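Peer 1: Here are the chains, one letter per residue:
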Amino acid sequence: RRATRGLAKNPQTLSVLGKGANSGCPPPLAPQAMLRSSQPLTGPNRKRCREDEVLLGTVLDEGERGFIIDTRSAQAAKQARMTGGGTEPKSSYPQWRRLHRPLERGRQLQESFIKLVDACNDTTINMDRWLNRLESCRWLSHVKAALSTACLAAQCMDREEANVLVHGAEGTDTTLLVTALAQVILDPSCRTLAGFQGLLEREWIEAGHPFHLRCAHSAYSHARLKQEAPLFLLFLDCVWQLSRQFPFSLEFSERLLLTLFDNAYASAYGTFLCNNEKERCLCKVKENTHSLWAWLNQPGERQKYLNPLYSPNALVIWPSVEPQSIQLWQGLFFRWIRSSQYLDEAWAEIQWLVEGSEPPKDSAGNRLSRSLSDPTARPENAR
Amino acid sequence: MGTLYLTATHVIFVENGSETRKETWVLHSQISSIEKQATTATGCPLLIRCKNFQVIQLVIPQERDCHDVYISLIRLARPVKYEELYCFSFNPKLDKEEREQGWKLVDLNEEYNRMGIPNSYWQISDVNRDYGVCDSYPTEVYVPKSATAHIIVGSSKFRSRRRFPALSYYCKNNNASICRSSQPLSGFSARCLEDEQMLQAIRKANPGSDFIYVVDTRPKLNAMANRAAGKGYENEDNYSNIKFQFIGIENIHVMRNSLQKMLEVCELKSPSMSDFLWGLENSGWLKHIKAIMDAGIFIAKAVAEEGVSVLVHCSDGWDRTAQVCSVASLLLDPYYRTMKGFMVLIEKDWVSFGHKFNHRYGNLDGDPKEISPVIDQFIECVWQLMEQFPCAFEFNERFLIHIQHHIYSCQFGNFLCNSQKERRELKIQERTYSLWAHLWKNRADYMNPLYRSDHSQTQGTLRSRMAPCNFLYKFWSGMYNRFEKGLHPRQSVTDYLMAVKEETQQLEEELEVLGERLANLQKSQLNDNKDKSKQQERSKQLGLSTSNNSLANTPQEYSNDLKSFPSRSPSQGDEEDSALILTQDNLKSSDPDLSANSDQESGVEDLSCRSPSGGGCLPSEDSGKDSDEAIFLAV
Chain A
1 RRATRGLAKN PQTLSVLGKG ANSGCPPPLA PQAMLRSSQP LTGPNRKRCR
51 EDEVLLGTVL DEGERGFIID TRSAQAAKQA RMTGGGTEPK SSYPQWRRLH
101 RPLERGRQLQ ESFIKLVDAC NDTTINMDRW LNRLESCRWL SHVKAALSTA
151 CLAAQCMDRE EANVLVHGAE GTDTTLLVTA LAQVILDPSC RTLAGFQGLL
201 EREWIEAGHP FHLRCAHSAY SHARLKQEAP LFLLFLDCVW QLSRQFPFSL
251 EFSERLLLTL FDNAYASAYG TFLCNNEKER CLCKVKENTH SLWAWLNQPG
301 ERQKYLNPLY SPNALVIWPS VEPQSIQLWQ GLFFRWIRSS QYLDEAWAEI
351 QWLVEGSEPP KDSAGNRLSR SLSDPTARPE NAR
Chain B
1 MGTLYLTATH VIFVENGSET RKETWVLHSQ ISSIEKQATT ATGCPLLIRC
51 KNFQVIQLVI PQERDCHDVY ISLIRLARPV KYEELYCFSF NPKLDKEERE
101 QGWKLVDLNE EYNRMGIPNS YWQISDVNRD YGVCDSYPTE VYVPKSATAH
151 IIVGSSKFRS RRRFPALSYY CKNNNASICR SSQPLSGFSA RCLEDEQMLQ
201 AIRKANPGSD FIYVVDTRPK LNAMANRAAG KGYENEDNYS NIKFQFIGIE
251 NIHVMRNSLQ KMLEVCELKS PSMSDFLWGL ENSGWLKHIK AIMDAGIFIA
301 KAVAEEGVSV LVHCSDGWDR TAQVCSVASL LLDPYYRTMK GFMVLIEKDW
351 VSFGHKFNHR YGNLDGDPKE ISPVIDQFIE CVWQLMEQFP CAFEFNERFL
401 IHIQHHIYSC QFGNFLCNSQ KERRELKIQE RTYSLWAHLW KNRADYMNPL
451 YRSDHSQTQG TLRSRMAPCN FLYKFWSGMY NRFEKGLHPR QSVTDYLMAV
501 KEETQQLEEE LEVLGERLAN LQKSQLNDNK DKSKQQERSK QLGLSTSNNS
551 LANTPQEYSN DLKSFPSRSP SQGDEEDSAL ILTQDNLKSS DPDLSANSDQ
601 ESGVEDLSCR SPSGGGCLPS EDSGKDSDEA IFLAV
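Here the protein sequences line up with chains A and B, keeping their order.
Count the first sequence with the UniProt record's numbering and you get residues 1 to 383, in order.
Count the second sequence with the UniProt record's numbering and you get residues 1 to 635, in order.
Worth double-checking, as some hints may not be accurate.
Label pairs and their calculated CB-CB ranges [as the list claims (entries may be wrong)]:
1. A:D128 <-> B:G307: 50 to 60 Å
2. B:G307 <-> A:E355: 39 to 49 Å
3. A:S136 <-> B:P489: 21 to 31 Å
4. A:E355 <-> B:R78: 36 to 46 Å
5. A:N121 <-> B:T139: 37 to 47 Å
6. A:D128 <-> B:R114: 36 to 46 Å
7. B:T3 <-> A:S136: 47 to 57 Å
8. B:R78 <-> A:K304: 53 to 63 Å
9. A:D262 <-> B:G307: 37 to 47 Å
10. B:K104 <-> A:N126: 44 to 54 Å
11. A:N126 <-> B:D365: 49 to 59 Å
12. A:A268 <-> B:Q459: 34 to 44 Å
13. B:Q459 <-> A:S340: 13 to 23 Å
Reference listing, derived: stretches of chain B covered by chain A, where coverage requires no fewer than 3 residues with Cβ under 8 Å from a Cβ of chain A [as the list claims (entries may be wrong)]:
14. 381-392
15. 425-439
These are computed hints drawn from the structure, not numbers from a lab.
Predicted, not measured: the structure shown is a model, and the values here were computed from it.
Ideal Cβ positions, reconstructed from N, Cα and C, are used throughout, including at glycine.
Kindly generate the complete structure, drawing on both the sequences and the hints.
Peer 2: Here it is, written out as structure tokens:
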């Protein structure tokens with residue numbers, strides 16, 4: 001038996017992760033599955049659960065193997081047995097190999113976030129100490145760890161052609177971080193605007209990430225709530241790192257990520273309300289509120305969130321997780337501190353170059369169109 | 001597996017691959033150090049570290065062969081005479097006139113004219129026409145109208161290396177100027193009437209202000225220590241109407257060590273985020289970049305906002321002074337942010353004013369304590385500015401990287417020797433080619449697609465909305481990890497946008513032609529859908545080109561316990577492969593007594609040098625470098 005969440009084997013995940021389905025690559029091999037769950041309730045007495053073993057067994061074919069990515073350290077996972085949790089013992093799950101990739105969560109992650117925001121806001125800081133301060137927040141280390149783990153999961157599926165099960169303790173935080181990120185890496189459809197929204201719905205909202213608890217007060221509050229932790233922000237940061245390393249591969253821009261960050265904490269829309277589907281039903285969220293997606297997807301609104309450089313990339317995008325490749329998300333952490341005017345202007349140039357919208361000077365195309373639409377007008381270069 | 005060739009100018013490794021005959025060429029001039037590493041089962045590894053941060057490991061099966069290669073490379077990488085350098089044999093197949101034209105591309109007289117000189121305040125002086133006054137200055141210097149030859153000569157005797165105050169930049173809007181010199185030989189109490197008159201002349205050349213700033217770019221402690229050696233800085237009591245300011249940029253030895261430390265960080269295997277950030281902090285590199293930038297900002301502000309002239313110096317006035325004057329000029333004048341203007345800037349503040357290229361960048365074998373990444377720091381300042389102001393520069397990052405590369409490559413004659421005098425004696429312009437002409441010919445590769453001469457970022461002074469302390473400096477992996485393909489975005493946004501721009505231009509031209517044709521037609525209007533659909537198709541066509549399979553990248557090793565660096569992407573074109581970035585290692589053991597050539601500073605700097613870490617083995621994915629036989633071609 002598993003704590004609360006139960007296994008979620010997502011049929012969408014299955015079909016999409018069959019390699020090369022849309023891209024004209026060589027015919028796909030047997031599609032791999034990525035599963036997520038919470039920890040098994042092995043407990044101190046090493047309980048077993050036939051149904052759970054059978055379930056995991058059916059995922060794998062004869063001779064196939066799978067990887068379990070546990071987002072807790074080996075020690076933490078072992079200690080969890082004392083409180084009724086634990087890990088999958090090798091003997092009961094022989095075809096599965098367990099890998100531990102500890103990811104920070106909970107209080108520690110919130111502290112890291114608070115420290116970073118403090119450092120960014122500190123106007124007295126000089127260059128001498130900035131990097132030390134940045135290092136001591138450890139936020140970038142968390143980004144690196146999250147990306148690495150997601151890449152590992154993706155690698156298991158894409159390169160090792162194995163099935164993957166991801167879980168932490170509750171299955172509601174680092175688990176979702178890994179599975180969602182892995183899908184952005186593996187699956188081109190998750191990189192479209194619509195696909196990304198679908199990913200968020202599936203892997204964060206429906207999967208039961210407790211937004212109400214996690215995204216309560218953000219970094220400035222003195223309250224230091226026990227359940228607060230910026231997992232969702234960490235996810236968005238990782239996605240931003242991907243957009244920097246693969247500037248052509250995401251259909252959406254940084255602006256979308258910032259909007260999602262805002263709305264996770266405070267929103268006019270009901271999309272990120274409550275902690276899970278059950279609560280949303282009880283509160284009648286769907287009846288009483290508007291959906292963020294409905295607003296974002298309106299034609300006039302939608303184009304603000306598009307990446308002008310986007311070009312569908314059917315391949316898997318493998319980010320570099322070397323420290324040089326991971327940068328501080330200035331657009332978020334310095335958003336209110338430093339003007340982004342010059343960068344915004346650069347993006348406006350890019351937009352203009354690629355789409356030809358609102359050119360600052362009169363182009364030949366415009367002149368020609370104008371002359372054609374007005375039969376009496378004569379083009380400038382007419383003799 | 002492959003074959004190694006040694007020529008008079010290059011080391012060439014040719015891979016044995018069947019389809020592509022991949023070649024790696026390394027200029028001897030680029031070689032910074034060669035290290036013989038411990039013999040392994042596969043052979044004897046030889047590690048070659050280059051000044052452009054490329055690192056190559058050759059594994060040679062036979063120890064004796066390895067030793068021979070090692071000895072040869074040591075000799076080849078340490079030329080004794082200028083004639084050994086590549087620029088004297090490099091032949092781009094241009095005729096004599098083209099070569100000459102190439103050298104005329106950048107003309108400093110034209111530049112000073114552009115600034116508005118000569119005029120009623122400034123004039124050209126030929127007092128140094130035979131290098132009789134100062135042998136590291138150019139023959140033509142620009143001085144205030146009221147500075148007579150007598151004053152100039154007198155002042156030069158009171159300045160270190162005779163480098164008297166001369167004009168670097170003149171702002172015609174408000175007559176403020178940037179002048180540069182070396183430190184005065186003031187000791188504790190010496191005075192020189194002519195030198196004081198010189199500074200007065202500079203002040204008088206700007207009627208809009210009744211004082212000038214004198215900026216000493218050294219840390220105060222060092223400058224004070226120089227007084228004991230009979231040098232020092234200007235005493236406000238003696239020089240009327242000056243406001244004196246220390247800026248505090250460290251000297252060449254500190255900078256050399258800083259770079260070494262930073263490169264060691266790049267060398268770390270699978271560093272954690274903490275390792276990297278700590279290491280970068282510890283090197284102090286970005287702090288130094290900021291110090292240079294801050295100095296430039298101070299001077300630019302003084303000129304543009306206060307309308308006050310500035311005299312800048314350090315010790316000898318050829319390192320920090322050059323850095324700071326050129327950064328200030330870049331901030332002040334948008335011309336220097338164009339491609340041509342940038343070349344002019346380097347020619348003016350670095351080449352003509354006697355920056356010691358030979359000593360600093362090791363054209364010839366020399367004193368390792370003279371080596372220092374001075375111009376590299378300036379180039380990085382430019383890059384940092386480009387990151388902050390993406391629309392403000394006509395050129396792109398690649399332009400900067402190639403300039404840095406060629407400063408060390410000695411393929412062109414621009415950056416040879418230590419002064420204009422030496423270059424003329426060697427007849428550089430008759431015997432070598434100019435880099436500027438080469439870059440200009442290929443300028444399409446160096447354009448910044450976001451640059452528009454009528455953009456707000458390109459007008460006037462480059463101003464940052466926020467206080468300089470909040471300016472965030474990034475680690476320049478494009479330069480220091482240049483050859484790490486896995487670290488950089490797979491597709492260049494710059495190249496893509498340039499292609500879009502070009503295509504748009506072509507289409508616009510076509511439209512002009514069509515428009516003319518249309519006007520000539522007697523019939524009624526064509527369907528105007530043609531041009532609209534062309535615009536849509538254009539983006540789609542270009543879109544397709546970005547997602548073809550040759551851009552597939554490969555995952556790196558994501559497990560923590562296994563080693564290091566990202567695997568290579570499928571080889572694209574003729575880029576050199578490399579593994580790790582390592583540092584210069586040709587430093588002898590520490591010796592606090594500095595040679596007479598370098599800055600005389602008090603012994604506050606840490607001169608301890610480290611021997612290269614022998615254990616740093618490169619990942620085996622660089623296996624292409626194994627050679628089954630080494631062939632020597634001594635030409």
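Peer 1: What hints, given by number in increasing order, does this structure fail?
Peer 2: 1, 4, 5, 11, 15
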